[in-house]
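K.L.:
Fit chain B to the supplied structure of chain A, relying on the hints for placement.
Protein chains: 2
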Amino acid sequence: MTQRPALLIMQRHLAPLTAFLESQYDVYRFWEGPPREAEHDIQALVVAGEFPLDTHLVESLPNLRLIACFTSGYDGIDVDWCRARGLAVTHAPGVNHEDVADHALGLILAARRQIAAGDRALRAGGWTADSKLITPSMKGQRLGVVGLGAIGEAVARRGEAFRMQVGWWGPRDKEAPWPRAETLEALARDSDVLVVACRAEDDNRGLISREVIEALGPQGLLVNVARGQLVDETALIAALRDGRLGQAALDVFEDEPTDAARWAGVPNTVLTPHTGGATTEAVQGMLMLLMQNLAAAFAGEPLKTPVKTEARVQGLGARGEGQGMGQASKTGPRP
Amino acid sequence: MTQRPALLIMQRHLAPLTAFLESQYDVYRFWEGPPREAEHDIQALVVAGEFPLDTHLVESLPNLRLIACFTSGYDGIDVDWCRARGLAVTHAPGVNHEDVADHALGLILAARRQIAAGDRALRAGGWTADSKLITPSMKGQRLGVVGLGAIGEAVARRGEAFRMQVGWWGPRDKEAPWPRAETLEALARDSDVLVVACRAEDDNRGLISREVIEALGPQGLLVNVARGQLVDETALIAALRDGRLGQAALDVFEDEPTDAARWAGVPNTVLTPHTGGATTEAVQGMLMLLMQNLAAAFAGEPLKTPVKTEARVQGLGARGEGQGMGQASKTGPRP
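Taken in order, these protein sequences are the chains called A and B.
For the first sequence, counting from 1, position 104 maps to 104 in the working numbering; every step adds exactly one.
Going from the second sequence to the working numbering is simple: count from 1 and add 1000.
It is worth saying that the hints were derived from the structure and are not from the lab.
Just so you know, these numbers come straight off a predicted model, no measurement behind them.
Beta carbons: idealized from backbone N, C-alpha and C, even for Gly.
Any given hint could turn out to be false.
[Stated by the list, open to error] Derived DSS-like pairs: lysine-lysine, alpha-carbon spacing no greater than 30 Å straight-line:
1. B:Lys1174 - B:Lys1308
2. B:Lys1308 - A:Lys132
3. B:Lys1308 - A:Lys139
4. B:Lys1132 - A:Lys308
[What the hints assert, rightly or not] Derived DEER-like restraints, expressed as beta-carbon distance ranges:
5. B:Thr1280 - A:Ala186: 19 to 29 Å
6. A:Asp242 - B:Thr1055: 47 to 57 Å
7. A:Gln219 - B:Asp1078: 34 to 44 Å
8. A:Glu201 - B:Ala1186: 49 to 59 Å
[Stated by the list, open to error] Pulled from the structure, derived: some chain A residues nowhere near chain B, Cβ distances all over 12 Å:
9. Thr55
10. Glu59
11. Pro62
12. Asp78
13. Thr183
14. Asp203
15. Glu233
16. Thr279
Looking at chain A on its own, in the form it has when it is part of the complex (with noise of 0.2 Å):
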């Protein structure tokens, strides 16, 4: 071993953090070669949440402690299985919930007043003295929230500042504010926009399914700021090609990136590149809790941030007290 531990870096678009992370750690990254003459020093891996993790490469890395996710999500990690091998699991929660549902309400106005759209046909002198484009008022627009969450809640309150008019569904009632229908498919066929706001898990891939889609239907905007593998989205191109749904709005999807020529031809859409809740402030706060999470494990100290508060953390000498994420489970539905 060398005298500072080692980590390794998964994802390209995480290598700005070496900067920060070289002035404790050895600093390794994946996409430049497998680190074959480090692996009996890396002792924890930093991901981006949303993608699968590598489980040969972990199993190859015999000192591995700590999976340490940069973000709030770590739908791409199977957390039992890695407790199951004594590897504890942090990430960041509580931070950029607000500015994903910032994003939420920029995608759908940017789709329902045709913002994009209008910047792009002016662009390509398609404003003329004889034409006017006329979009929907957002007033009474019907705002259907998929899963009360944090960020569910914040979507919904700015919703209201819009003068829409909330509803939501999630699998578990809870009190809130706002009428909980009774089943995901009412809540789209009440709905003129769906906001997928929920956690991605196991069982609920797919969740926003053809049904959902077409009661949702010719008129309504599907937004998705939550994960791509929550929308079955071959469903979802089908439906807009042909009217079945009548926009879409996306901030995630199946896979990232996205490949540009997917898309091309399908109308009514509105699409960015994961950047919901990547604002300047949330990833200081993201980069802070994960220095402050690797910290703590190589000191054998509690960890800030662990994933899930049942979860022992194993290996590290210290048990896990879940901040943030615990409370999110318990007010949060995870459809």
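P.N.:
Frame of chain A; chain B shown alone:
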């Protein structure tokens, strides 16, 4: 004169009104050629208030009695000049200020959270595994509202829902929950986002001058949902080109429709074709007021929504009781 009163619609984009107006009036359309044969029949003009009124035409119509603005704004019309000639002027106040405010927030989010640019980049294949677009959080951004009338207040309330810090300026102080800056330049200097929401008047052309634009600065975003003439557009474009201004999001322009070529290569802009107040619901409300004002004028009854309380409506056998606009004058500063 014909049995039914005759109207002349001035702007092509108002052509869809024809179907409604023809149920009760003979309708002429200016762009189909000057209505020489009906010069003595035409008693009202139907106009979009942002376009300069053709005074030569007005003087060629001896029986003209009413200038009926379809819109809320009537900055293209010299009301005193009309009054001196016995012409009443009506408009459609209080119908779409909330829609305009919605659009302003849509523009702010589209620009700040890079929704329009992100959409363009993604479609062009610019989202790759090693790229990550980071945008500023809305939280704590300073929102400066120029003109705290109905639109300005609605913008300010929405800004608070996004955790922005609101300030404003108008030439006259008024009670408000937000601090008033001493000068427009001070507001610009102390704002991250400056939203132009005031009425256009003869004396505030170019209000957003080069000095104001530079005070807003290289990180600042200028949003205009009011009127193009309020902004020195040449200075704006120059400042965007050389980075003295950060971003601009514009729904209104010096000339409308604006020439797409004018904006080619001007960086960091979001441009929409004057759609802020043009919602389906607002257009219905404006149409209702138009029909009511026309009916009242030809029945010799008080006009529903004449411009300015102090203006006597001459030649129509009634005095206008200003609604909405008179109130707006009291509560809304007119910088």
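K.L.:
Could you run down the list of hints and mark each one as holding or not?
P.N.:
How the hints compare with the structure:
1. B:Lys1174 - B:Lys1308: Holds, because 20 Å separates the two Cα atoms, which is no more than 30 Å.
2. B:Lys1308 - A:Lys132: Answer holds: Lys1308 (chain B) to Lys132 (chain A) is near 28 Å, not above 30 Å.
3. B:Lys1308 - A:Lys139: 28 Å, holds
4. B:Lys1132 - A:Lys308: 28 Å, holds
5. B:Thr1280 - A:Ala186: 19 to 29 Å: Given a distance of about 26 Å, which is inside 19 to 29 Å, the answer is holds.
6. A:Asp242 - B:Thr1055: 47 to 57 Å: 52 Å, holds
7. A:Gln219 - B:Asp1078: 34 to 44 Å: 43 Å, holds
8. A:Glu201 - B:Ala1186: 49 to 59 Å: Once the Cβ atoms are compared, 51 Å apart, the range 49 to 59 Å for Ala1186 (chain B) and Glu201 (chain A) holds.
9. Thr55: 20 Å, holds
10. Glu59: 24 Å, holds
11. Pro62: About 28 Å separates Pro62 (chain A) from the closest Cβ of chain B, which puts it past 12 Å; holds.
12. Asp78: 22 Å, holds
13. Thr183: 29 Å, holds
14. Asp203: 28 Å, holds
15. Glu233: Non-interface label on Glu233 (chain A) holds, nearest chain B Cβ at 15 Å vs cutoff 12 Å.
16. Thr279: Non-interface label on Thr279 (chain A) violated, nearest chain B Cβ at 4 Å vs cutoff 12 Å.
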